[in-house]
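Model the full assembly from the supplied sequences, consistent with the hints where possible.
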Amino acid sequence: MRLKKIMGITLALLMMTGSLAGCSGGGETNATAASQGGETTAQVETKQTETTSGEKTVINVWSKDRHDATYAQAKVDEYNANNADNIQINYQLYTDNYVQAIDMAVQSGELPDILVQQDQMFDKYVNQGQWANLYDYMDEDMKSYFKSVIFPGYNELDGKLYFIPTTGSTCRLFYNKEIFQRVGIAEPPKILEEVVEDARLINSELSKEGIYGFAENMKSASSGLQRSMCIGLERETGLVRGYDFVKGEYDFTQWADTLKLWKELLSDECAFPGCESLDIDPLRTQFAAGKIGMYMSYSHAEPGVYKNQFPMDSSKWDCVPIPTVGGKVAGKQYFTGTGSYVINAKSPNAEKAFKVYKDVFANEDYLKGYYEGGFGVSILQSVIDKAKPGEDFQKKEWLLISDLDTLLPKPPHSAFASGMVVEGEDMYKTCESIYYGDADIESTLKDLTERYNKAYKEAIKNGTGHEIRIENYDPMNPTLK
Amino acid sequence: MKDQKNKSILQRKRAVKRNLQAYTFMLPNLILFTVCSLYPVVWTLKYVFYQYGGYGTGVPRFVGLDNLARVFRDKVYWESVMHTFTYGFGKVLIIIPLAFFLAFLLNGQIRGNGVAQSIVFLPTIMSSAVMGLVFYLLFNAYNGEVNKYLMEAGIVTRPINWLGKDQAMKTLILTAVWGGVGNYMVYFIAGIQQVSEDAIESARIDGAGRLQTIWYIIIPMLGPILKIILMLAITSAFHDITNVMVLTEGGPNNSTMVMSLYGYRYFFPISAAEATVPQYGYGAAVSVISAVIAGAVTLGYLKISKKMDSIY
Chain A
1 MRLKKIMGIT LALLMMTGSL AGCSGGGETN ATAASQGGET TAQVETKQTE TTSGEKTVIN
61 VWSKDRHDAT YAQAKVDEYN ANNADNIQIN YQLYTDNYVQ AIDMAVQSGE LPDILVQQDQ
121 MFDKYVNQGQ WANLYDYMDE DMKSYFKSVI FPGYNELDGK LYFIPTTGST CRLFYNKEIF
181 QRVGIAEPPK ILEEVVEDAR LINSELSKEG IYGFAENMKS ASSGLQRSMC IGLERETGLV
241 RGYDFVKGEY DFTQWADTLK LWKELLSDEC AFPGCESLDI DPLRTQFAAG KIGMYMSYSH
301 AEPGVYKNQF PMDSSKWDCV PIPTVGGKVA GKQYFTGTGS YVINAKSPNA EKAFKVYKDV
361 FANEDYLKGY YEGGFGVSIL QSVIDKAKPG EDFQKKEWLL ISDLDTLLPK PPHSAFASGM
421 VVEGEDMYKT CESIYYGDAD IESTLKDLTE RYNKAYKEAI KNGTGHEIRI ENYDPMNPTL
481 K
Chain B
1 MKDQKNKSIL QRKRAVKRNL QAYTFMLPNL ILFTVCSLYP VVWTLKYVFY QYGGYGTGVP
61 RFVGLDNLAR VFRDKVYWES VMHTFTYGFG KVLIIIPLAF FLAFLLNGQI RGNGVAQSIV
121 FLPTIMSSAV MGLVFYLLFN AYNGEVNKYL MEAGIVTRPI NWLGKDQAMK TLILTAVWGG
181 VGNYMVYFIA GIQQVSEDAI ESARIDGAGR LQTIWYIIIP MLGPILKIIL MLAITSAFHD
241 ITNVMVLTEG GPNNSTMVMS LYGYRYFFPI SAAEATVPQY GYGAAVSVIS AVIAGAVTLG
301 YLKISKKMDS IY
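Going line by line, the protein sequences match chains A and B. According to the UniProt record's numbering, the first sequence is numbered sequentially starting from 1. According to the UniProt record's numbering, the second sequence is numbered sequentially starting from 1.
Incorrect hints may appear among the rest.
Chain A is faced by these chain B residues, among others (derived, beta-carbon under 10 Å) [to be verified]:
| id | residue |
| --- | --- |
| 1 | Gln4 |
| 2 | Pro40 |
| 3 | Trp43 |
| 4 | Gly54 |
| 5 | Gly56 |
| 6 | Arg70 |
| 7 | Phe139 |
| 8 | Asn140 |
| 9 | Ala168 |
| 10 | Gly182 |
| 11 | Gly251 |
| 12 | Pro252 |
| 13 | Pro278 |
| 14 | Gln279 |
| 15 | Gly281 |
| 16 | Lys306 |
In short, the hints are calculated from the structure, not lab data. As the structure is a prediction and not an experimental result, all values here were calculated from the model. Every residue, glycine too, gets a C-beta built ideally from N, C-alpha and C.
Listed below in structure tokens is the structure:
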């Protein structure tokens, strides 16, 4: 009886150990995946750093960008093979789960040494001292080289420089020249009414061949509208995502005219069938296949996409600024710096991490190759002067950042995103209820304005936000502070 | 008095000793249950009363019952509840008769039955995400295979927008039926095999036809297992979100938004938009109310279906 009990208890303990071992089994699997070059968790990478580094200092780099991964990895490999500093770079790619991976790594104290900068993660942790002040490491030559891309209120906050954008992106209307020629459209549209007219013409003439006038990736309203309608509205209204920096309040009622035209643009008469469930990559494949007349997207990505991902003859497409209603221009449009990296201030290897950043990712050869390879549009004059960019960038003037584009200040819902809780659907989903639903434009936009202003005022009242108003703000010459 | 106390302590000690083995066996499960089930539930219940955007967004702010009150004002949420019922009942109404029919068809001793059963069962072991992608390739409006064949056959002249607001829910139900029918078929086969051959034989001797045998003998005798199958079908329909996420993300214009996905998107924003941030507190409130609704439906069903246990 006693023996039976002892055996029972032993078996139970074994079971428990088995269960717990089962729980920790993932780590081993991930380690194997990592050794095979797969994407793994932060914990596994850190363990790897400690166990496989030997005498070399391993600098972990995390990126979210798939489009330049091959280029960056090649440069990293080159550095790993040739550097005399006994440094090994471990370059890891996280795409869809980038922000979540960073959250987990911050919580467990296992953040890598260098990370590709992204607005959400930067804003979230900058006040916690998570990102290093690059001025602490930069010499005078470096400061002077990047002087033109240091923008107080954007990458320089309270005299500290956190990241350096080397390329830029904005949004444009991309069009298929061949389709335009076939239906007799002489020039790309300059006003939004012409976009609707041209799309309707293409649909009526060519839909029998499976060719349609206009498409947008509307599976996610926010993803689709942030690269298209919202950008045009910034120029048309001078407001940033509906926010008036002069009055210090939201006003979406000014979106009405544009939304009326977008409702037409996304109707069966003008649009590619199935836009409602379209992601951006399937859209691009159809554009490359010559099935779509026009769409709107980011300027930095498309040349690389049509060169490498979904090949399309460069002579068949071009781009122009996103047209506004009646060609009205009251402000500049969104431009964002890309190609930026932040350094983990709490890393024991922060100094070496900066060295890696300087030698690899901020190196002029790297930046020149990056621009020439079509991975991003350079915003550094020195690089632009020396580089020989691809045919697209030489012949298509609107791919480059122009006078239309500028850095815009952040409206309250971006500046303190988690502190401002808007009840009901956000601005993008609300627009969807207009163009894919039966919601009345005027009353819906009035309600949207009231909801955003209410949430903004409550955030100020609760202390989860603060008042944002810029004295003498000029939408044609916006200031960030 | 003292003796009695000592006796009671001794008895308790003996009881503990006697049950030690059982407690030790239970321990692993108790630990896992606490960590993986109990803790998340308590965590969710706590955040119902807070406004919180996740780690790195500051201290959670106590808001009392605001989140719960907001759920009751949220028109889109209640629409998503209605969509969940549409989806759930649509799925159950098709999948149960279809699974029964397939089970009945493939249960006999006919050559090739095993292979046919495996083919029907195959989608059950496929990842829902992969299934969603396959159905996207089949049903997308611009180059989906379904439209291609329908147009080639001259049945339609224009591509049908299967994932548009008028058709998306039907397509989702179809995907769910395809993915789940094999599972329910196996349950039905197990049930049919339990039905007494004698009862079927007696019915035949009494002159019952094939359909009469099914209706009056087999289906009533499947009562207890049918009760479980229906309960599984209903509860699983209430938390199916993978298909919806992959195929439509709840759109267009929330026409396929189901309540689990609605709650999920407040914890893990599903769109690529950088402006979208988690709202754990509101997500927790939505999840709790959704759980109450799903629980009420299940309880209601169990009450109604009590009869099924005591048919034969």
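Hint check:
no., hint, result
1, Gln4, "28 Å, violated"
2, Pro40, "15 Å, violated"
3, Trp43, "15 Å, violated"
4, Gly54, "7 Å, holds"
5, Gly56, "4 Å, holds"
6, Arg70, "6 Å, holds"
7, Phe139, "9 Å, holds"
8, Asn140, "5 Å, holds"
9, Ala168, "8 Å, holds"
10, Gly182, "26 Å, violated"
11, Gly251, "6 Å, holds"
12, Pro252, "4 Å, holds"
13, Pro278, "8 Å, holds"
14, Gln279, "6 Å, holds"
15, Gly281, "9 Å, holds"
16, Lys306, "36 Å, violated"
Hint compliance for this structure: hints 1, 2, 3, 10 and 16 are broken, all remaining hints hold.
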